[in-house]
Amino acid sequence: MLRFIAQRLLTAIPVLFVVILITFTLIRLAPGGPFDQERRVPQVVLETLNKRYNLDDPVHVQFFNYLGNLLKGDFGPSFKYPTRTVTEMISTGLPVTLELGFYALLFAMCIGIASGVVAALRPNSLQDYVPMSLAMAGICLPSFVLGPLLILIFGIGLNALPISGWNATPGDKILPAITLGAAYAAYVARLTRGGMLEVLSQDYIRTARAKGLSPLRILTHHALRGGLAPVVSFAGPAAAMLLSGSFVVETVFQVPGLGRFYLQAAFNRDYTMILGTTIFFATLIIIFNLLADILLVWLNPKLRENMLKS
Amino acid sequence: MSELIQELQQYEKGRSLWQDAFRRLRKNKLAMFGMAVLSIIVVLALLTPWIAPYSYEQQDLYLGATPPSAEHWFGTDVFGRDQLTRMLYGSRISLMVGLVATSVALLIGVLWGTIAGFFGGRVDAIMMRLVDILYALPFAIFIILLTVVFGRSMLLLFLAIGAVEWLTMARIVRGQVVSLRRQEFIEAAVAMGLTRWQIMQKHLIPNVLGPIIIYTTLTIPSVILLESFLSFLGLGIQPPQSSWGSLIKAGVETMEEYPWLLIYPGILLSLTLFSLNFLGDGLRDALDPRASQD
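Chains as they are written, first to last, in my numbering: chain A, 1 to 310; chain B, 1001 to 1294.
Keep in mind that the hints were calculated from the coordinates and are not lab data. Please note that a few of the clues may not be correct.
Unchecked claim - Examples of chain B residues lying across from chain A (beta carbon under 8 Å, computed):
(1) Ile-1126
(2) Met-1127
(3) Ile-1141
(4) Leu-1145
(5) Val-1148
(6) Phe-1229
(7) Leu-1235
(8) Gln-1238
(9) Ile-1248
(10) Glu-1256
(11) Pro-1259
(12) Trp-1260
(13) Leu-1262
(14) Gly-1266
(15) Leu-1273
Claimed, not checked - The following residues of chain A were derived to be distant from chain B, with all beta-carbon distances above 10 Å:
(16) Leu-10
(17) Leu-216
(18) Ala-229
(19) Thr-251
(20) Arg-269
Quick reminder that beta carbons are idealized off the backbone N, C-alpha and C, glycines included.
Full structure from sequences and hints, please.
The structure is reproduced here in structure tokens:
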């Protein structure tokens, strides 16, 4: 197990390096410097600024300087708000985004697994069709349509829930979490159903049944562990989905999270901020993929040998 | 009796794989529903310049935003522009992005997968390792990054989305090619002295075509979704042009006063995604009956 984890960690490092290299190069290719303003800045000021941010060094020197600073957890200053550092902005936005993601995940797991299991227990019956149609709806109703619709119905129509803000009024986390989690719940439901159907037809389930175990015990003690494998391996891509979803949800519900900072930076052409957050997001996703792999192997030891071989 | 004779005659003629698949597809009501809806939307989008009730940028500031009426079936927006007309033109752009970007993904993915699968060995290992690495990247973020660096243009949108979506296609094609290469009928073809090109043409491509078609129909909705996502955030299609995503964005801004500006484009987008997914699932069941339904 340890060897497996070490091997995965080692492959993650070059991936991360490539990400940083690509992002850094792209940002350098971007037209216009960070100090281009509508008002012309005097040449002297520009040169001082360039010197202040070490922009007159050769590019590769800049890259390794940046890499060195990254290792110390320093993402550099923001180009647009010189008084704030990128690290500061990430650390204010991250907890909000993580909390939102956590609630969305919780919602998705509860609803998704439950409806997937219900559907798999009696395939091709009403009990299967209803949750699976809902899941299809969850996939086809993008968050930027679902969110505003929920606002219209529950916020404005019924006046039942707050429609914007974060931690300001009680219940203002409910709609964003549901909006973000809906598509994910749909995928989880479909994956759970598929996984459960496969497991339920296997011999060891029949053995358990023959032993006279109750259906509930078979489900919780025998089937779920194997049946949830597809859900677990989806956790990595899901993290990426949740992140990109948080751009939309944080915009629609005005949640002050990392996604909104990132979009602001994209519109402001705040290059260091974009660079920093991209690298940060990539690291997060690589870590999530790693955790998903480890969890998967832990759940199914048979996979370990295969993975080590490949 | 005559039915039986008909059926027997059918067997006599023999059915190709494709006829068989089409017959199965026709029985799938959801898939046929999806196909019908899609055909309508595509035909409307193609005919837009001739059938649109109003001109695209014709404003009527005096009129402003009005709810659906006999003159304006889907209402008008804050500039008094006919919403139906804007949705029709938006469909053209969204569908075009869907098709072009999917073609880019298709081209790269199929070539990459076929080459990796056909040559195998070290070439295969390196090429697929690269796909694995790219898979791990946060792509929505990379596309946003690209739009920031290279500006917001439609060409970039095609390339960026296409460049993101080819990975799964490459994996699927490679898997198919690798498993086909080991099969006996390919060996037999080699033994009969067929050239590489003949083998690819006669045996490999027809056998890989099924999964490619299935996955292409499933890629189009995710491409359309990605474009709408970017346009919704203001990073995709720029005004005065509009796509479904940018119409929804405009609708959200004024949804408290004029909800119809959000609801109709939202329904159109969701309906298209529904139809494409149903059709894709239907095709998968029709072309590959062994594949489990998940």
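Indices of hints not satisfied (ascending): 1, 2, 8, 12, 19, 20
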